[in-house]
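The residues making up each chain are set out below.
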Amino acid sequence: MMPSPPPRNRPSTVYEPNRGEPQILMCPPDFYGIEYEINPWMSRHKQADHGLAVLQWNSLRSTLHDAGAQTLLLKPVEGLPDLVFTANAAMIYRNHAVLSRFRHAERQGEEAYNEAWLKSAGFTIHQIVEGVYFEGAGDALFCGDTLFAGYRIRSDVHGHQQIGAMFACRVIPLELVDPYYYHLDTCFCPLAPGVAIYFPGAFDEYGRRALKEAVDELIEVDADEARRFACNAVVVGRTVVTNTGCPKLHDALGKRGFTCRETPLDEFVKAGGSAKCLTLRLDGEEAAGWKHTS
Amino acid sequence: MNAPHASEKQTPVEFVEDVEIAGHIIDSLILPKVLDQITAAGGTFRVKKIAIGQARSDPSFALVEVTATSSQRLEEILAQISDHGAVPTAQQDCRLVAADMDGAFPEGFYSSTNQRTEVRIAGRWVEVSNQEMDCGVAVDTAASEARCVPMSDVTAGALFVVGHGGVRVLPHQRSSEREGFEFMSSGVSTEKPKGVAIRQIANELFKNRREGGRSLLVGGPAIVHTGSDEHLCRLVRGGYVDLLFAGNALATHDIEQALFGTSLGVHLERGDITEAGHEHHLRAINRIRRAGGIRRAVADGVLTSGIMYECVQHDVDFLLAGSIRDDGPLPEVVTDALEAQRQMREKIAGVSFCLMIATTLHSIAVGNLLPAWVKVVCVDINPSTVIKLSDRGSFQTVGLVTDVEPFLRSLALELDALECGQ
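Order-wise, the sequence lines are chains A and B.
Note that our numbering has the first sequence beginning at 1005, numbered continuously upward.
Note that our numbering has the second sequence beginning at 39, numbered continuously upward.
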């Protein structure tokens, strides 16, 4: 009898860089809730429905599994409700992880847990220089060989320069001008090298011009769908997973050969996050140029 | 912040600060954004230096001088542009990148000036040694030392300063130097009384010798062609020259004159052309080569007069740098240009006064090597040589457009007068 193949998408806490499948770090929302207010989406008077949040998180996870990704889990910690947003743990470049240094004291407690997990997973850990804030993949996204880096609201522009020097890559800092889009991953999402979606209203004229120059195919998201976190998408292969309520974007991407999936994430939108914020791609985003080179 | 300064035209008092903007500041439009913000906030700017990265991944660096009419306005502008990565150069450590290959700096390297420079290492300002223009600044972090290194001497792995952050240039204070070299503040002119200038140069040379300074003479063959060699010999004998830099030509014609009484075949006493005199310089070179060099020729009694003879006799160190058109050359001539540069760098340590006479190539080469605080006098019949030297960014360089012979004759006489009055 032939041995049965290992079950696909089996739960795992072990990161296997050469597994070949997309691997995503998530953190179960056991202790998720709106306990403080550090962005305009958050209000302690509009508390998340915990049960519904757990359902939505599980639904996102199985959507990602269906798309072909494997998920790994970071152990939730009581008192750190935003640990669920693993995109902000670090920025990943090959086997290097540049740890986040959070601007708000409320999230700084997450740093030690992120570091411990990434270290145990075998990543080489890098710290941003003292006194500079940096919020990981939330503000640093590769599209092709360029790192696009959001600054002003959460991350500092100085940290991005350090990363550029560290990995000898081009860094385009983009000032975020709308507090509702406080992380770059809330208003910009690379889909493939040279292809990205963005919400123009989150950037100033300099940023919009720089993006148009640097990204070959830049697809606009309108204000209504941007508010539904359309840009906070998870890309697995050619599948793009977003919150519900983004039909125009799904239509536009469908015409370009992407498969779009929606899954309700409203309980997380209450904290200012959606699909992308809840994930950290460990083996490199689909759009990262370095992923396709040795 | 720099102290406010008013320009000579009595314009309003201005407050100035240098900031550096580094990274992919062109592609990201961060540079135009910062410049726009300075203007919009009521300040003005001047881009002092910009180094654009060549490869896509190379960062660019811009050094921008920000000026405002009040200290408060300047502070506001600096705070605003700091959010976009524009950092006052004085508020950070210098940034270091290891050279990835021999013989070339890392991209974005800080290119030095000839002015006194300091770099900030671990919060402490350290003076850069071997100050020279157009070099990189290598830093030894363990020893907390910095020095200028020319491109050809870069070794892989050495740490070099990139960008302008943590680098400050301390321009020479003009006012403190008024006494001796005041006449130099006026530009190069062919129509100025030379007497006063030559007297002051003599005073400087005299003072330099008295105070134990080191003087360097850079000379061209016109010193010999014009019959000024004896004046220069007097300077050497008087102890006014500690070091001589020249090419094959000066030494050759000096020796030709010593051996045959001609320079390029022209009889210096009579002014007429000697028969077969054009061969004299070759015969002179040949004789010195047969003797095994200038020093040996002096020791063996083959060479008994002239500038090179006096140098050997008075222990004046010399360096002869070769060029592509040289005959011979004389055995002492260093024909590898980089090696010649290296030896010149070694020898100029401690030089406090430099006299450059009638040579464009050697004058500019030495001018490039000397730090700005070394007093330099450049004498040439050709104004363009003098202007080129004056343009090297130091008001410590004074130029005289004049024939070499009357200059050296007057200089020797002035020095004699000073000796008598001593």
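Don't read these hints as lab results, they were simulated from the structure.
These numbers come from a predicted model, not from an experiment.
Treat the hints loosely; a few may be bogus.
To be verified - The calculated SDA-like cross-link candidates involving lysine to any residue, where the alpha carbons are at most 25 Å apart (straight line), are: (1) A/K1216 with B/S95; (2) A/K1216 with B/L73; (3) B/K87 with A/Y1137; (4) A/K1216 with B/R111.
Honestly, which of those hints from before does the structure not fit?
-> 3 and 4
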